[in-house]
Each structure stands twice: as structure tokens, then as C-alpha cells.
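Chemist: One letter stands for each residue in the lines below.
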Amino acid sequence: DEVSSFQEEHERERHRAKRRDGDREKKKRRKGRRRRASRAGEREDELQARHEKREAGRRKRAKNYQESEGRERDEEEQAQIKTGKTAKTKKNIKNEKTRKVEQEEGEAEERNAKGKKKHGSAKKEEKDEDGGKCAAKEKTQEVKKKKHKRDSEEKELRPESLSPEELEKLKEAVDERKKLIQGLRGKPWSMKKKLVTLRESQEFVEKYEGALGKGKGRKLYAYKVMMAKKWMKFQRDFENFKTACIPWEMKIKEIESHFGSSVASYFIFLRWMYGINMILFGLTFGLVMVPEALMGRPYGSIPRKTVPRAEEASAMDFAVLWDFGGYAQYSVLFYGYYNNQRAIGWLKFRMPLSYFLVGVGTVAYSYMVVIRTMARNANESGVGDDNSFNFSWKTFTSWDYLIGNPETADNKFASITTSFKEAILEEQESRKDDNIHLTRFLRVLANFLVLCCLAGSGYLIYFVVRRSQKFALDGLDTHTWWERNEVNMVMSLLGMFCPMLFDVISALENYHPRVALQWQLGRIFALFLGNLYTFIIALMDEINLKREEEKIVKFNITTWEASLYNSTVSENSTGPPITIQPADVPRGPCWETMVGQEFVRLIISDTMTTYITLLIGDFLRAVLVRFLNYCWCWDLEAGFPSYSEFDVSGNVLGLIFNQGMIWMGAFYAPCLPALNVLRLHVSMYLQCWAVMCCNVPQERVFKASGSNNFYMAMLLVILFLSTLPAIYTIVTIPPSFDCGPFSGKKRMFDVIQETLESDFPAWFSKVFSSASNPGLVLPFILLMVLAIYYLQSTSKSYKEANVELKKKLQTCKQKTK
Amino acid sequence: MGNKQTIFTDEQLDAYQDCTFFTRKEILRLHGRYHELAPHLVPMDYTNDPDCKLPLALIVNMPELKENPFRNRIVESFSEDGMGNLSFNEFVDMFSVLSETASRELKAIYAFKIYDFNVDNYLCKEDLEKTLNRLTKEELTPEEVELVCQKSIEEADLDGDNKLSFADFENMITRAPDFLSTFHIRI
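Protein chains in written order, with UniProt numbering: chain A, 1 to 817; chain B, 1 to 187.
With the rest of the complex left out, here is chain B:
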């Protein structure tokens, strides 16, 4: 409704609305944000699906992600090549999952991917140690880190393999009262 925009065809916008939690206006705004990250690389006309990917370094400098200790992992989890180069589709997907209206289950799946640093589909002790060090900027002593990782695995591990599979993680995170409100980026 209103002004005729030429960035996307109407079918494309409808498709995006079906595949994400965003409305028309928000998708157009997202395109504006994507474009301003690299005005020379990103075309204004997306009607014929140009293949354009922005590198990790550009995306991670967005004000919404700049201060996040997990920004690299977030971008990597949503990129197809695993190196953090995002096309516009993946860009929209990332913010859709992190939006307010995304479901708890969906967020749990991606949270698992983000915290899985070595991408082996398990949260092992090294992953937890890395997470903890990023969270506390390495202010905790190694013994304290060891204790916290140990306790976390003890609490959440259900099948006894000393690492957290997705089922363990999901079981733990869906009960967390803060999860939905903290795992949320507004754009």
C-alpha cells in the first residue's frame, strides 16, 4: 500500500512474509540496512535474485551486533558456507530468527548452533569454556571456569555422554524464563 517500490516484486515480498516473521515494511527496511553496509556491492534491484554476499567483517560491525561477544558465531551459523558470508536471504533469516515473534523451539535450534563453536553438533566442554570466557572476558580463574562448565554439563546432560546434545540443550533452555527476552535483537 502506498508508494511503488522497485526493489522486490510483490511475489517476492509475499514469499518473504511467508518465510519470516517480518512484515512488508520491515523487509524493505532490512534491505535498506543491508544495502547501506556496502552500497557499491549491494544492488538496489533485487527483482531477479542477484547473487551477492557480504563478508563477515562488514556484517559484524552493525551497531546491533557490534557489542555482542558471540557476533562471529551468530553470523557464521546463518551463512551457507559456514564462513560468515551472508546473502540477503540469509541476512533476513538471521534477523527473523532473532526477532521477538520467533518461536521458542526455533530459537533453541539456532542458539545451539551458535554456541557450538567446533560445529560437531554437540556442546562439549571446550564449547562451554569458550562461551564462558567470552561472557566474562576471561575474568574468571581457570578453576572457576572448570567448575562452571562441569556443573552446567551435570545439570543439563541427560544421556550421560558428558556433552550436551541438542535434546539436552533444548530440554534445558525451554524452561529458562529469560531465554526469549535475551535471545532477541530488534532491528
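Just chain A, with the same shape it has in the complex:
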């Protein structure tokens, strides 16, 4: 960083120096030309000459600068390695640079003089002809000619037979050019200059790469170069393809121009989630659902794949299907359908292994994507929330360049003005701290109320889940629709009304809007989390119940089988064995399918609630305000209901929690990612329409935090918390004995052990079992803890160094004033 900033400063100095020299040169040339040219064409000549020289000068400067930079960097590195003291190296670099500059200026003048002599007459003729033609074409042609001349000179300077040092230098120059080409789009030059530099550098690279390629033993280098070129072309085509695939770009642009970047950020987040869910869908569909459907045993062949006789009559009813019972339950959509056969079909596809690995893989992929996005955001965003540049940031970064709609622009102007006035007020008067006791008391009261709310909602959910268990025991038909779907409805309604309650309570607290928003988000997060975990605890109770039931069923089956054999033997000792219809076999309660069903039902009811809230809360409200306004006492549009604003943070949280539920349930219901893809697709269109149709731009825009990482961090926390219950159930609870791909095993992860033993060579499993030896694992854990401690202490020391530097900067600022 030091070096680069230093280089920049020096670059600027050199540019100034060169400009001075260039001016001197120009004056000399101008005088010479005046003597030679005729009066009529004098002025034209001068102007054109000046233009050309400026262009030529610029390009020359660019080329020299690049070459010299390359050489300088090498020399700098060498100098630093040699001395190791920065002060000394700086002096060295300065001296070398000034020397180089002088050398180059001398060289440049020489070359210029040579070029001038060669071109002199040719140029004059051209100028006389091209009085009216475009200046650009002329310039580029002339520059090309000059360049060719220079290149031929350079060729003379660098013959084909090279000493190894010069070869190295040439290679470095070529690499330097390549780097320049890579970084060209980030340079603040005019487009014309960039294009010309690009062409020059590409020609240079092509020519000298060829030269480097000749000679003994360089064939590998040429081959590598060719592969690199092909790889770059492939990457470029892939980038083009990827950007062509991005959906909904125009929709998001429309929303951005109407509502600004914060509302659009929700839709961009939705699109990103859609991408993740597509990949999860691809994994579960391609590696789990399709193989079982195509290569596994068909429906009705074995007991687990058939609807039991008792349920057959109602298996096709819409109500049952909507509840994911009946034929929906006994299909690839749920865990229970899968057979535990080790390898299926002619491909010998390892179904149970694939099921397990896909389950693990979806979680691993999600972790990877979220952490990678967080890292990328952390690199881009500024250094945390700083208050030292309040007014400057307000002046230079408050206008949102995405706005293209006049109404939004007006809103933005108003909000910027308000924000400035507030900041000015805050600056002028110090905050009066009177009634601090009252404020503190109110805040404590508010938090207490919120806690009560959370506890109340948690208890309500627990109560409702237990009640639904009782209902299930009684039989589902004897209850109303509400009683059957109580759990889901209660959870969704709580999710809808409690945030509003929190909003009202927060009016007591009197915080700055940004702080209030953070508190609000924190509370909603706690609410959702509490609800989810209460739901899971209730679910665990049900799982235990089902396992008890399973034991009883197992016992019953043995007696039933025994009675069956007894009866056949007693009837006909040599007769054929009786084939039992799969539908008649008594079935164990499949707790995994039950869990999967619960999650699917929860997600469907959540989706329905969201859409209905959207339609009623936003659309119906907008319609009422619009049309009742004509016959109402007060102005509905400006006054009480008015049009709703788009609640960015609420929607983002909803999306995050929805994803958490998918992660939790995807292992037990492979159909969940598919369902979510469908849901997100519909959500995108529905919400885009609703936003454009029913919402107005926000008056005050407060983002929850400076960086985008706030929501990513929440997503990561949810990911972690969602995978905990799934991991717990996989590791501790034995799978059902008669359904799913792991039936018959003691633990679900035994499938890994089995694969290692049977499919891999013997030494592999030995290595693995020795690796899981506590003697190895404990030292490894210790090592990781040490590494974490070390990294944390270094990061702390960097932070302290940062604070020190900031203080120094402040004191320097004070001194210079």
C-alpha cells in the first residue's frame, strides 16, 4: 500500500515534469513549423500538430510509464530485499526513479527526434490533404505509423539471440503487459486511450511471446501460453453465459428506479436465495428422487411403498392429499418410501449412501456459499460504522443514483433535506440528558413486556402442539379444519401479529431510528427462533411417542407372522406359501415421514399466510384507500391508513426463517427444496407486482447496518441452528425398522461404515478407523483451539494498531491547522 501510494505520487510528479518538457518541445516544434509552412495553412497546421503531439505524448508517456513501472517495481523489490529498511529503500527508489526519469526523457526525446526526421515530409503532405477529415482517424493512423517505427527500432535494440538476463527481463515485460491488460478496465483513462493501450499491449505480448517460445526447451512455455489463452476465452464465454442466465434483471431495475436501493436489495436477496435453492433442488431431485423413482422398486411392490389397506379408501381425496397423506405420503416425496436395498438398478446406484451424502452435502454447500458471500461483502464494505465523516458522507453518498422516477426523486430530496436538518440540530445543541431515569425505566419496562410476549408465544405453541397430538389420537375426522391445522395457523399468526406488537412497545423506548430498527429486528429474530425451537421440542415429544408405538407394533408383527405360519402349516403342510398383499402388512409408525410431513405442512401454511397478508394488508388496503377516498371524511391517502410502505427488514427475516425451515426438514422430506423453488418463484412475481402496485416509496430510509453482512450473519446463525436438530436426530435416534433407506441399521450414519467396509479396499477402512481414534482426534482439536487463539490475538493487535494510526492521523490534522 505504501509503495503503491508512493508510486502514484511519483507518477503525478513525473506527469507534471513531462508536461513541462512536452510544452518546451512543442514550442520548439511550433517555431520550426511556422518558418516552413505557408500562411494559409498555418493555423490548421498548428492546431493539428498540437492535437497530434498531445496524443502522441500521452501515448508515449503511457508506454514509457508502463515499462518503467515494471522496471521500477523489480528494482524496488530487489532494493527492499537487500536493505530491509524502508527509509533507506525509499531514498534509493527516489534516486533510481529520478535517474530513470531523466534517462527516459532523454530516450524519448531521441526517439521523437528520429521519428520527426523520418516523418517530417510525409506528415506535411497528409495535413495539406486532410483539411476537412476527422481528426481521430488521422491521429490513430499517424500514431500507428510512429508506433511501427518505434517497434522496428525496438526490434533493432533487442535482437533474437538473447542472454538469459535479458530473456528474463523480456519475460517480465511480457508479464507486466499481461497484467496491464487484465487491469485495464479499472484504469481511470479515457476509452480511446484504453483501447489503444490494449491494442499495443496485445501486439507486444503476441510478438514477444512468440520470441520467447522459440529456442530450445521453450515449447512447454508456448504450450502453457496457448492453454492460458484458451482458458481465458473459456472463462469469458462462461461469464457471458452466466450474465445471460440471470433472471429478473429488468424487473429489479424497475423497482430500483421507483423505490431506491434498499427495497431492491430485498429482491436481489430473494434472487440469490432462489439460486441456492435451485442447486439444492438439483441435488435432491437428481441424486435422490429420480434414482429411486426410476430404478427402485415400483409403487405397491413392498409394504413401505403401499398405502395401507385401512387408508386406501381415502387415499385419493383432495383433503388428504393437501395434508400430504394418502398417495402423497407413499411416494418419493418423503423419507418413508425409500428402500434400504444397498445397490439398485443396473448402475448399482448406492441409494442409502446417496441419500445420506446428499443430506450432508446440502448443508455443506449452504455453509460454503453463505461464508463465501460474507467474506466477499466484508472485503468490499468500508471499515465498520465510523462517525468521523458524518457530514461528508451525507453530502457525497446520500443521493441514490439508481432513482429514475420523479416521485421517488422528490421523496429522496425531502428525506435528504430532513436528514441534513437533523444532523445540523444535533451538531448545534448538545443532547439534554434530563429525565434519564425515566428513559431507563421505560426501556426496562419495554424489554420486560417483550420478554413476556416471547414467553407467552412459546407457551402457546407448546400447548397447541400437545393438543394436536391428542386430536391425532382421537382420529382426524372428528375435528374441524381449524383444529386439524391449529399448529401451523397459530405459528403463522403469531409471526404476523407479534412484530406489530413489538413496534408499538418500542415507542416507549425513544431510541434513534437506526438503533430502534436493530432492536426490532433482534426481537423478531428471537420470536421466530423461539417459535421454531418450541415447535421442534414438541416434535421431539411426538417422535418419542412414535418410537414407543413402534416397539408395540414390532411385537405385534412377530405374533401376527407366527399366527400366519401356524395357520398355513396347519392347513396344508406341502402347499405353496401364502403371498400377503403389501397393503395388508401391519405397518410401523414412520417417525421420519411424520417429521417431514410436519415441516411441509408448516411451510405451506406459512406461504399461504404470507400471500394472504400481502393481498389483504397491502392490496385491499390500497384499493380501499384509493376508492373510499372520494366519500370519506378525512383524507385517507395522507392520513390514517394511507398506502403501505414495503417492510424490507420484515420480509428479509421471513425469507431467512423460511430457508431455515427448509434446511431443517430437507433430510426427511426430499421434496422440500423443490417446493421452496416453486414458492420463491411465485413470491418473486407476486411481490414485484404488489410493490409496484400497492406500495409507496419509504420516507425515511434506515438500513439496519452499514454492510450487507448483517443479513448474511443472521442467515449463517439460522443455518447453524437449523442443522443442529437434524444432526441430533440423525446421530442419536435409531431409524424406523420398516421405512426409509436406513431401516434395519442401528444408526443412520452406519451406512458410511458399511460403504467403507464393503466398497473400499481393506486398508482404507483401517486408516479411517485409526483416524477416528481419540488419541488422534484430541490433539487435532487442541491444535485447532490453539490456532483460533493465535488468530484472534493477532487480529486484536491489528485492530489496536489501526486505532493508534487513526489517532495519529487526527493529531496530524490538528497540527497542520
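For the record, the hints were derived by calculation from the structure and aren't laboratory data.
Quick reminder that beta carbons are idealized off the backbone N, C-alpha and C, glycines included.
Simulated DEER-style distance windows between Cβ atoms:
#1 Glu203/A <-> Leu106/B: 23 to 33 Å
#2 Leu438/A <-> Glu100/B: 42 to 52 Å
#3 Thr613/A <-> Glu80/B: 50 to 60 Å
#4 Met496/A <-> Val119/B: 52 to 62 Å
#5 Val785/A <-> Val119/B: 54 to 64 Å
Based on the hints, put chain B in the right spot on chain A.
Modeler: Relative to chain A, chain B alone:
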């Protein structure tokens, strides 16, 4: 890939892809937008680099720029003659710098140029006053404007010359959390 287009040669498109943050499809789309601003002036065939510039008034009426209080300055900063007449190269350059993937440093350089109304390579008090008045549509009182400009210069000025040089500006703007997301035009 796909249909053969005759607006640019392949080399030209590759060159544009190297010099900007745009992909092939986006460059072609940009050409379409440039063309529809003045269908009679802009040729459809750019293979031999026609020299065609559109005046400031046409460009500033694009829907993306229409509501921007700094639209004139934006177009002027990217034009070679400083008067706001953009050739296609400069047009593409402008949107490339303002695109989502442009680097922070590059955007800082051009933001400095845009807010420098008197083009003297410094953000002096008059520049800040003009910026502020455009932002608030002159709703602030002169004293308030004075205060805000004063405070801004105080905060960001490092070398004590009572105006912001590029180094001061860059130091201030690269820490701003909102800069990348607001200094962005999607096309």
C-alpha cells in the same frame, strides 16, 4: 454465440470487454440504447469506428439520468471536450464506471471529477455549496449550507488547505459504507 451481429467486429467486442466491466450482450444492448437516443445520427454499423457524438441534451434525457441532480456533471466528466458531447466509447465508459462491478477506487476518481464543478482538481467551498444546493433543492437556509460545507471540509481535509484534494476525498469516500451501493446506475 448465437446470432451473427454486424454492429461490431469480434475484435471490437473483445476489446470492449477488456476495457469495461461489461459482457458482450450488455455492450450490444448499450449500443441499442445509444442508437435510440438519435436514430438518424448514430450509425448501426460501427465496424469502421465512425466518429459520432451525441450532445449533452440528448443524453441527459435518458430515463436513468433524468432525475439525477448531477446529470450534467456526470456527462461532462466523461466527455473528452468537457462540454458533454459523448461518443459511443465515452458512453460505454460512463456506464462501465457506474456499473455494479466497478472497483471502489475507480468510482472514487470519477466521483471526485463529478463533484468538482469548477474543474480545478479541488473540491472547494463553492463546489460543496453547489452540491448541497442540488441535493436539497435549495431548501436549506444559507447559514445551514455554510455550516454543512464547513463541517464537511473540516472532517475530510487532511492537508489543511481548506479544500479537498483528491487524496482527502478518496480517504473519506472509501470508508463510506453506502458509497458503492448509491454510486451505481443499472443499465
